[in-house]
Amino acid sequence: MENPVWEVARPSHAGPFPLGGFRHRTGGTVELRVVPHPAITVVLEFGDGKLLLDDGAQHGSFVAGLAPRGVRIRGEGVACVEVRLPPLNAAGLGTGPAELDRTAGLAELCGRDADRLRDQLSETGSWDTRFALVEAAFARRISAVPAADPEVAWAWRRIVQSRGRVRVESLAAEFGWSRRRLWDRFRARVGVPPKRAAKLVRFDHAARRLAAGASAAEVAAGCGYADQSHLHRDVVAFAGVRPGVLAGDPGFAADRSAFA
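Just so you know, we're using full-length UniProt numbering here: the sequence shown kicks off at 1 and counts up by one.
Hint data in this document are derived by calculation from the structure and do not stem from the laboratory. Some clues are possibly wrong.
[Said to hold, decoys possible] Under the rule of at most 16 Å between Cα atoms (straight-line distance), these lysine to aspartate or glutamate pairs were calculated in the EDC-like manner:
1) K195 - D184
2) K50 - E76
3) K195 - E169
4) K199 - D234
5) K195 - D234
6) K199 - D227
7) K50 - E31
8) K199 - E174
[Stated by the list, open to error] Label-pair restraints from in silico Cβ distances:
9) D113 - R242: 17 to 27 Å
10) D227 - R196: 15 to 25 Å
11) G248 - P146: 40 to 50 Å
12) E169 - R116: 38 to 48 Å
13) A144 - D227: 41 to 51 Å
14) E174 - A147: 33 to 43 Å
15) R116 - E76: 19 to 29 Å
16) A91 - D119: 18 to 28 Å
Given the structure is predicted, the values throughout are model-derived calculations rather than measurements. All C-beta atoms in this analysis are idealised placements derived from N, C-alpha and C, irrespective of residue type, glycine included.
When you get a sec, could you build the whole thing from the sequences and use the hints?
Spelled out as structure tokens, the structure:
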């Protein structure tokens with residue numbers, strides 16, 4: 001029997017959110033590693049098979065915030081669209097980002113809208129049409145969300161632009177807030193405190209370099225880690241595996257190819 005693999009699809013144009021499509025193309029059970037990103041990750045399942053998570057619980061479509069550790073999804077006959085939403089807009093999912101400290105079923109957050117979107121994805125054979133449906137659905141939800149405090153949005157941008165290497169202790173002082181005020185406002189909107197957000201952004205950059213074939217030593221030096229042991233601890237904390245295992249994981253490679 002041919003080894004099971006994922007068919008990977010990418011949008012033909014740049015949209016408001018990063019999107020990728022995955023379909024189980026051959027026989028057997030498939031696995032795809034979903035590691036934390038500096039975004040709210042939504043996986044929308046629409047295949048004939050069952051989408052399962054690590055613990056064996058059937059979730060179907062699910063949402064993961066910035067806090068949960070990486071999970072594997074697996075199943076047979078699975079097809080899904082993955083979308084990454086800015087954490088500042090997490091309230092568009094019907095909850096606050098701080099409540100996304102676990103992997104939650106999309107239906108429990110979005111109710112009938114989730115079922116309606118799944119039906120629409122199942123009824124079309126075009127990936128671009130699926131991507132357009134997902135973009136429109138989440139754009140509508142996010143448009144109804146009040147904007148974040150400008151200071152919180154600015155702090156998030158600074159963390160992302162610095163690839164997680166900004167001194168988060170100095171962020172509040174730059175616009176005259178107390179550290180406590182920034183930490184509280186940032187966590188309420190993003191779901192994690194600034195320091196955790198910076199570590200996640202740095203890990204995301206390191207994971208991209210590992211997936212591209214860079215050595216652990218190169219990644220540690222280039223991404224601001226004190227040494228390889230420091231990199232190792234962060235990768236295990238976020239992905240649940242060692243850097244070498246993560247870099248060689250076929251499902252992780254498929255995920256990265258969809259969002260390159």
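> Checked against the structure, which of the hints given earlier come out wrong?
Replying inline: Going through the list in order, the structure violates hints 8, 9, 14 and respects the others.
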